Amino acid sequence: MSSKVASMRDAVADLVRDGDTVAIEGFTHLISFAAGHEIIRQRKRDLTLARMTPDLIYDQMVAGGVARKLVFSWLGNPGVGGLNAIRRVTEGPDASLEMEEYSHFGMVARYTAGAMNLPFFPLRSYFETDLPKANPLIRPIESPYGDGTVYAVPPLRPDVTVIHAQRADARGNTQVWGLLGCQKEAAFAADRVIVVVEELVDEEVIRADPNRTIVPGIVVDAVVVEPFGAHPSYVQGHYDRDNRFYRDWDPISRDPALTQAWLDEWVHGVASRAEYAAKLGEERVTSLRPSAPAPSGVVDYGTYR
Amino acid sequence: MSSKVASMRDAVADLVRDGDTVAIEGFTHLISFAAGHEIIRQRKRDLTLARMTPDLIYDQMVAGGVARKLVFSWLGNPGVGGLNAIRRVTEGPDASLEMEEYSHFGMVARYTAGAMNLPFFPLRSYFETDLPKANPLIRPIESPYGDGTVYAVPPLRPDVTVIHAQRADARGNTQVWGLLGCQKEAAFAADRVIVVVEELVDEEVIRADPNRTIVPGIVVDAVVVEPFGAHPSYVQGHYDRDNRFYRDWDPISRDPALTQAWLDEWVHGVASRAEYAAKLGEERVTSLRPSAPAPSGVVDYGTYR
Amino acid sequence: MSEQKPVAAAEVGTGAPAAPAFSRNEMMIVAAARELAGQRVCFVGVGLPNIAVNLAKRTVSPDLELVYEAGVFGAEPARLPLSIGDPTIVTGATAVTSMLELFGYYLQRGLIDVGFLGAAQIDRFGNINTTVIGDYAHPKTRLPGSGGACEIAINARQVFVIMRQSARSFVERIDFRTSPGNLGGAENAARIRREQGWLGSGPSVVVTDLGIYHFDETGEMRLDSLHPGATLDEVRATMGWEPRVASDLATTPEPTAEELRLIREELDPEGMYTK
Amino acid sequence: MSEQKPVAAAEVGTGAPAAPAFSRNEMMIVAAARELAGQRVCFVGVGLPNIAVNLAKRTVSPDLELVYEAGVFGAEPARLPLSIGDPTIVTGATAVTSMLELFGYYLQRGLIDVGFLGAAQIDRFGNINTTVIGDYAHPKTRLPGSGGACEIAINARQVFVIMRQSARSFVERIDFRTSPGNLGGAENAARIRREQGWLGSGPSVVVTDLGIYHFDETGEMRLDSLHPGATLDEVRATMGWEPRVASDLATTPEPTAEELRLIREELDPEGMYTK
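Residue numbers (our numbering), protein chains in the order written: chain F, 2 to 306; chain W, 2 to 306; chain B, 527 to 801; chain D, 527 to 801.
Chain F on its own, in the form it takes in the complex (with noise of 0.2 Å):
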C-alpha cells in the first residue's frame, strides 16, 4: 500500500531500459511528451517505440536517437503533413529505422491481446490488401466454423507504457475522461507501467466514482506528478491541442540542424517539466486553458449497509 509516487526522472530511470519495447500510448489526448523527453535526456538506446501514431514525440525521440525501430499504425503530423525526423531514416536506400506496420484496429488488437494474454486477436482488415505481404506477422486463421479466414496479429507485450492521465491517488488507480484511446490495453499488456498526472488525488476520490478509473495501481509501477507533461497534446478539461506547436514543428523537423537545436534547447536544456513550461511562458500556457468549464453532473451509487 506503499506510495508509488516518483519523480519522472526517477521512474524513466528505473523503469525504462536500453533495448526495451516503450509504449507511450494516447491517441492525440494525453500523450506523454514529457516521459519522451526525459527519455531522450537520459539518452537512453535501441529502443523499439511502439504507438499507433507515432506523433510528434516519437519524430522527437528517433531525432534525439534513442529508436532502433518503430511499431506504428499512422505515421504522420495530423492536418500539417509528415514526421520528417522519421522519413528522413526511412525512406530512400539509406533507410536505417526498422519498421513493422499494422492499421489502426491492428494496433489495438496487439495491446488487447496482450491485456488479455492471448496468444493472437482476429480481425476482418487486412484481406486483398498488400500489408500481410509487408508485414508477414499478419497472419491468416481460420474460423474453426467453417465460415472462411480472417486475420490475425499477435500481442504486443511492451516492456514499459507509459500513459497520462487526469488524475490517479497514490497507489496508482488512474481516471481518465474524453478520449480513452487503447491507453487501457496498453498498459495491461505492459511488463511496467509509469503513470504520468495532471494531478494526484485522496484515494477517496478515485472510490467515490469507481466506473471512471481505467488502470488500478495493481499494473502501476510509478505515478509521476508533472502537469502540462502532455503538451503539445491535451488534456480534456485541463489544456487544448497546442495546434500552433503541431504546425511550428514542421519547418523545424525539415532541418536536421534546426531539430538538433530545438532539442538541445526544449529537451537536454532543460531540467524538467516545470521548466519547461515556465519557458513556454505563462501567456501561452494561460492561452491554451479552455474558455469555460463544461461539468459532467454527478451520478449517485447509493451507501449500501
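Keep in mind that the hints are not guaranteed to be accurate.
Reference listing, derived: stretches of chain D covered by chain F, where coverage requires no fewer than 3 residues with Cβ under 8 Å from a Cβ of chain F [what the hints assert, rightly or not]:
| hint | segment |
| --- | --- |
| 1 | 598-609 |
| 2 | 635-644 |
Under the rule of at most 20 Å between Cα atoms (straight-line distance), these lysine to aspartate or glutamate pairs were calculated in the EDC-like manner [what the hints assert, rightly or not]:
| hint | chain 1 | residue 1 | chain 2 | residue 2 |
| --- | --- | --- | --- | --- |
| 3 | D | 666 | W | 101 |
| 4 | B | 666 | F | 131 |
| 5 | D | 666 | W | 131 |
| 6 | F | 280 | F | 249 |
| 7 | D | 666 | W | 99 |
| 8 | B | 666 | F | 95 |
I should point out that these hints are in silico values taken from the structure, not numbers from a laboratory.
Computed from a predicted structure; not experimentally measured.
Positions of the beta carbon are idealized from the N, C-alpha and C atoms, including for glycine.
Based on these hints, arrange chains W, B and D on the given structure of chain F.
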C-alpha cells in the same frame, strides 16, 4: 431523431417474436424482470433464452412456458440454491429443455464476438475439461504463431437483447454506473435492443458526461421507462437487491403449483410494472432504498471553441 | 437547410475562365458534403473528409451522427479541429469509448453508413494506397500508412473518397494496396465480400477538385458530374487511364453563398483546407 | 491484527466431545481465511469463499484486494453480500469494469494471486466438478456449471478450495471435469501448463470442515492439519480414496474470540453460512 420511447407492452409485442433468441442481460445488477414478466404475459413461445446467469428471471420464464432452450454459464439462485423450475425440466430421463453451456468468460466472449462481427473469439479456458465434450461448439484453434492451441467460442447474436439502465434519453443513448456485466456487448451483438430505464433524461444530461454512455441510441429500438423494473434485482443508487425475494422464491419454485400460482398473481395478475410495484407495497419498496447517497463527484470536460 | 442560390457563375469550358468566386478546393468540399444528404452515421477522417463532413452537418444533413475513430460517437464539434482527436469533439458528444470498442463494436459491427477516405493513389476500381510511393522496403516517399483506412474500406457500408486529382494520384496501378476497393472488378469484389462476411459494399463515390465519380456495374469509376470550370481534357490529363464518362454528364451546381460562408467564416477561417 | 486467544477448547478425538464453542463450518471459514495471510489479490466466489475472504480482510490480510467476477476490483464491502454481485461491493471500490475486462485483463492476464473455488465433487488431484452428478445429458443432479470456475482454475496464480467433506464429494472419479486441477498428477499438469502458456499453477490448498490439505510433489492432496474435534477416521470415512497424511500432522488452532465475533456479529448474523 424521433423518440423511441414505448410502453413495455408495445416494445415486447413489436420486437420479441416466437422462436427468437432473447438475451435479458445484467450480472446480478439491472436485470429486467419487468421485460421477462411482459414476455410471459404475452405468452411468447419457443424462445432460446441466453444469459450468463439464468437467475430467477429465467426460472420464472421457463415456468411460464416461453422457453425452448437455455444458453448460459451459471445456473443458480446465488447464495440460496438451485433454480427449481429449470431443474424440473433439465434433470432425469424426461429432461425437455435444451441446454447449451459455457463458462462465464465463454459467454462474455460469445457476446463480444457478436458485437465485433467476428467469426469466433479465442480464450484460454476449457483445456483439459469436459466442457468441449458437453458442448461441441467449443472448438480448438491453433495459434498462427506456433505457440499452441487455445479454444474458441462462436459469436452469439441475439435477435433481441434487453437491458435495464439507470437512465437514457429518448433516442436511446444509455448510461449505467455500477456493475456493467456484459450488457454493452450483448446490446451491440443483437439485431434488436430494448432499453428499460429508471429515468428518462434530456439529451443534455447524456452529453454532459459522454464517457458514461454504454450503449448509443443507434443500436436501440425501444426505450421503456419503468422505474423499479429490475426488482428483485437492483439498480445502483436507486434500490437494493431484494434478498428476501431471492430466498422466498426457493420454496415457491420447488412446488409447481405454488410456482404457477405465483405467476398468476404477480405476472398475469398485474398489467404493468407500476401495478406490480403498487402490489408489492410502499413499505417494501422504501425499505430497499439506499441508506444515504454516495455521490460520484464532478469532472470537467472543458469548453473548447 | 441552406439556400441553393449560387453566388457567381464561373464560366465553363470556354477559353480562359473569369476569376471564379470560389476555389476548386471549396467546390470539392461542397460537392463531397452534398453527397452525404440522407446518410445517418459517418466516420470522419483527418483532413478534407473532416471539413466536408462538418459542412454536411451544417447544411444537407443536420442529423448526421459524426463518428471519430479516436472513440467519439455523436460529436457536436464547436470548431473544426485540426486533428481528428481534439477536445472539441468530446465535450457534448453522445458517447466516448475506447478505440477497441470504436473499431470493434461500431465499425467492424457494421454500424457506420459512410466511411470517408483520402488517398495518395487510387486506381479505376477504387483501390487505395496511403502507404508508400515506390518499393515498400526502400520507398521513394513514405506515406502515413493505413491508420483506420484499411478497416474503414472493409467495414463501412459505403466508402466515399475525397482527393485532388493528378496524374500521380489517379494511376493505372497503385504501388501498394492499403485499402481494398472493388479489387479487380465488381464481380470479384462482390464474391469476396460475400465469402469473407464483409459488411461493407465498397467505394461508392469519389469527389475530386474536377468532378464527381460513382462506380458502375463493373465496379469501375465513372465521371458523373464535372465541376464548373473543369474540362474533360483536364480530367483526362490527370488520370492514368481513359475515364468512363456518363452519357448524361452533369455540371456540379456551384457552391451556395451559405456553403461558402460556412467554410470561410466558421469551418476554415485560416484557409488551411481551401487554399 | 486480531488477537490469537482461543475462547474454548473443544476436546479432540477422545470419545464424545463437549459442545464446542464454535461450529465446524466456523472452523472451516476461519481456517480458509488464515490461509490468505500474505496474499495480495484474491478473486472472491459466491458462498463460502465470500465469507472466508471477507473475514481474512478483517483479520490476517487487511490489505487484500478483493476482486469480484462481476467486475469489481478493490472492493470494500460494508456488509457481507448474499450474492457476489451486490451494490455494497461497488460503492467505494477502486475500479468497476466490464466482465470482458475483468475476465480478460485481470484474470486471464494473470493478475489474480488466489482464486477461491467451491466444488460439488473433487478428486485427489484437485480436479473439480460443479456441472452435473451423473450423466451429462440426463443428469441425476444438475449443478450450477462453471460460472467463472473453469477460467479461475486455469488463470489464477493459485487456487484455494473450500468445501465440506463427504463420501459423495471427495471421490475417486469426478462425474464431470469442470475445472482442471493437477489433472492426472503434478508432472503432467506442469507440462500442460507450460505448453499451454497457463499462468496459474493450479490448486494449492483445500480447506474442509475436517482439516486443511495442501498438494504434495506428486500433485496429490495431503492432509496437513486436522481441525479440533475431527478425527482421521472421520476423514477416511468421508473420502473416496486413502488420504495421504503429513508425517507431522498438525491440529488447526481454534477460532479466536475476534474471528468468531466477526463471523457472528458482522459477517453472518443470520448464520446463513455457519449453521
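Q: Could you tell me which of the hints above the structure violates, numbers in ascending order?
A: Violated: none.
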